[in-house]
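Starting from the known structure of chain A, arrange chain B on it as the hints suggest.
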Amino acid sequence: MEPGPAPTSSPATVATPLRQAVTARQLAGQILAAADVGAAVPATDRIVAGDPATVVTGVATVAMASIEALRAAIAKGCNLIVSYDPTFWSDGDQLGPLAGNRLLAMKRAFIDAHNLVVLDLHDGWRQGIDTGMAQALGWEAHRQTPGGLLYLLPRTTLLALARTLRASLGDRTLRVVGDPALPVERVAAIWGNARQLPTIALLNGPAEVVVCGYSHEWEAVEYAQDMIATGAGKGLILLGEAKSVDAGMQHCAAWIRTFVHAVPVVHVPAAEPYWTLPRHSRHNTSR
Amino acid sequence: MNPNALLRRDVIGGGIAAAAVAAGLGSPALAATPLSAGEVIARMQQHIGAPWKAQGVDGFKAGDGGTVVRGIGTTMMATFDALKAAARGGLNMVITHEPTYWSHPDTLTDLQDDPLYLKKRAFLRAHDMAVFHFHDNWHALKPVDGINFGTQQLMGWTTYRHADNQRLFTLPPTTLGALAADFSEKMGARTMRVVGDPALPVRTVYESWGYCSAFPGVTFLDSADVLVIGEAQDWDLIAYVQDLVAMGEKKALIILGHVKSEQWGMRYCADWLKGFVPEVPVRFVPIIEPYWNLDDPVFEIGMQGKVA
Chain A
1 MEPGPAPTSS
11 PATVATPLRQ
21 AVTARQLAGQ
31 ILAAADVGAA
41 VPATDRIVAG
51 DPATVVTGVA
61 TVAMASIEAL
71 RAAIAKGCNL
81 IVSYDPTFWS
91 DGDQLGPLAG
101 NRLLAMKRAF
111 IDAHNLVVLD
121 LHDGWRQGID
131 TGMAQALGWE
141 AHRQTPGGLL
151 YLLPRTTLLA
161 LARTLRASLG
171 DRTLRVVGDP
181 ALPVERVAAI
191 WGNARQLPTI
201 ALLNGPAEVV
211 VCGYSHEWEA
221 VEYAQDMIAT
231 GAGKGLILLG
241 EAKSVDAGMQ
251 HCAAWIRTFV
261 HAVPVVHVPA
271 AEPYWTLPRH
281 SRHNTSR
Chain B
1 MNPNALLRRD
11 VIGGGIAAAA
21 VAAGLGSPAL
31 AATPLSAGEV
41 IARMQQHIGA
51 PWKAQGVDGF
61 KAGDGGTVVR
71 GIGTTMMATF
81 DALKAAARGG
91 LNMVITHEPT
101 YWSHPDTLTD
111 LQDDPLYLKK
121 RAFLRAHDMA
131 VFHFHDNWHA
141 LKPVDGINFG
151 TQQLMGWTTY
161 RHADNQRLFT
171 LPPTTLGALA
181 ADFSEKMGAR
191 TMRVVGDPAL
201 PVRTVYESWG
211 YCSAFPGVTF
221 LDSADVLVIG
231 EAQDWDLIAY
241 VQDLVAMGEK
251 KALIILGHVK
261 SEQWGMRYCA
271 DWLKGFVPEV
281 PVRFVPIIEP
291 YWNLDDPVFE
301 IGMQGKVA
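So the protein sequences, as listed, match chains A and B. Residues in the first sequence are numbered consecutively from 1, following the numbering used here. Residues in the second sequence are numbered consecutively from 1, following the numbering used here.
No lab work stands behind these hints, which were simulated from the structure alone. Watch out, some of these pointers could steer you wrong.
[What the hints assert, rightly or not] If we take Cβ atoms under 10 Å as the criterion, some of the chain A residues that face chain B in the derived model are:
id: 1; residue: Met64
id: 2; residue: Ser66
id: 3; residue: Pro86
id: 4; residue: Phe88
id: 5; residue: Phe110
id: 6; residue: Leu182
id: 7; residue: Leu203
id: 8; residue: Glu219
id: 9; residue: Asp226
id: 10; residue: Met227
id: 11; residue: Ile228
id: 12; residue: Ala232
id: 13; residue: Leu236
id: 14; residue: Glu272
[Claimed, not checked] Some chain B residues well away from chain A (every beta-carbon gap over 10 Å; in silico):
id: 15; residue: Ala42
id: 16; residue: Ile48
id: 17; residue: Gly56
id: 18; residue: Asp58
id: 19; residue: Gly66
id: 20; residue: Gly89
id: 21; residue: Thr159
id: 22; residue: Asn165
id: 23; residue: Leu200
id: 24; residue: Pro201
For every residue, glycine included, the Cβ atom is placed at its ideal position computed from N, Cα and C.
Isolated chain A (complex conformation) (with noise of 0.2 Å):
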């Protein structure tokens, strides 16, 4: 998964003694100067969690510092988790809701037990993210405009589209609203959330298919429905949050080693948090 030179993860390196320690917060600084989030740094984009004053092994970069990815992170030898969704399951990382909640002070000890710093990196990140994701596709050659949301691809169909973004994403539960046989050459791309009107405007836009992470199934989705159903040749395709940035992570760690050189910096893949029942396995009535 790694482009480049491979990280190397051994903790024998991690601690070699010659290299000038740097903590948490050092790090943390220098990552978001060099997102540019200014000087309206957003309120997302801080340490969450760990005490900033920890001295970095290395950093690892994920879509989200679930558990499951601070255990793989920990494995690679890394303490400090760049993250591009929230650790404490609220936008924005909101803990007052979860105030006495036993989860929290579970991930809490977790991650002062294994010396752990979460940096959120999300509002900063969002370019980063559709950078990496359309290099992941292969598709930034066939960007309609620097920086914009359209690109041309080769003619297929809404069905090998889909298919194509389980194999290049490994994205096992990805949800398409549309007639499979519909010929796609124009898609646009939402990674993450899909709001209602952003998404409205691009399914009248060019675009035959929009790709997205997720959208209510009352909003994007039911338009979708709606503009299919009077005949429209559209599309909408539902990644899932984890499949639809992790790439975006990825060019994360390659971006953060342009700069950082004390520590490795690697990416941690993420797993889709659910599973489907296979056809076989259900009876495939219609109601």
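Same frame as chain A, now just chain B:
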């Protein structure tokens, strides 16, 4: 044991009595008096068993109380397909649990020139249709939330419901995998997703049909082995259960899809309405699961046929 069955008998009795008092069943006077959409809503308000919530999203999204009703279709979401099916069935009053215009409050501010909005509105006007958003008050039905009751009926769970909490069920011992298969079979859910160990032993299930965010979802999980919902964000409730399971807790989450989790409640809504709207046909208009996944790529939009 089944409060809504009792309620329905009361409702049917009350409905017939009310109609008889109002006009006299079967009399020429009844046939001559057209049923207005407003009258249907007034009867719903009488039968809901709770103070009517006027401040939420419920209300007419097309037509108005003056629309003359020729037939009623209840549906989970007033999709274009649902409206077409209702129109084909001669049902010009649609009672929908979810929005018509793609947001919970059916906000039109930024959609005034939207081509699909104009098409959908034109279709509704051309067919003289009234659409009533029936969300908050149907969830407030006494003694049991109308959506919850319909889904319980489908699952055969009404006798498993806790007396002190209508959202909590104790099932005969099963596993997460078997429970998921049961949902899939009864709901025909293709794209249902599950977080947790398929072998997890399951006795208690907490429902939050429809959308569920981390709060209150987190607290629901405290009192059951499995929380079953319609949809949620990957980075709040779903992430929470992922971590709970990773920490070794014996918990799980089933994500059915919003439509699949709630539309049985709108099937029940048709039965409920029949109890006090005898003048016109009342039918349930089922809608499709919006998605397919790669295990089963099927195209159903625009193919929707009959009214139940």
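Interface hint compliance - A/Phe110 to chain B, C-beta minimum distance less than 10 Å: Cβ of A/Phe110 sits 8 Å from chain B, so the hint holds.
Minimum beta-carbon distance criterion (10 Å), A/Leu203 to chain B: For A/Leu203, the interface hint holds, since the closest Cβ of chain B sits about 9 Å away, which is under 10 Å.
How about A/Glu219: closest beta carbon in chain B under 10 Å, or not? 5 Å, holds
Cut-off 10 Å, beta-carbon criterion: hint that A/Met64 touches chain B: OK, holds: A/Met64 within 10 Å of chain B, min 6 Å.
The output says B/Asp58 does not contact chain A. Does that hold with a beta carbon cutoff of 10 Å? 15 Å, holds
Using 10 Å as the Cβ threshold, decide whether A/Ile228 counts as touching chain B. 5 Å, holds
Closest C-beta approach of A/Asp226 to chain B relative to 10 Å, hint status: 4 Å, holds
Evaluation of the interface hint that places A/Leu182 against chain B, nearest CB under 10 Å: 9 Å, holds
Could you let me know if the closest chain A CB is still more than 10 Å away from the CB of B/Gly89? Fine: 16 Å to the nearest Cβ keeps B/Gly89 off the interface.
Minimum Cβ separation between B/Ile48 and chain A greater than 10 Å? Check passes; 22 Å lies beyond 10 Å.
When you look at the beta carbon of B/Ala42, is every beta carbon of chain A farther off than 10 Å? At about 27 Å from chain A, B/Ala42 clears the 10 Å cut-off, so the statement holds.
Go through the hint on A/Pro86 and say holds or violated, using the shortest Cβ distance to chain B against 10 Å. OK, holds: A/Pro86 within 10 Å of chain B, min 6 Å.
Comparing the model with each numbered hint stated earlier shows that all of them hold.
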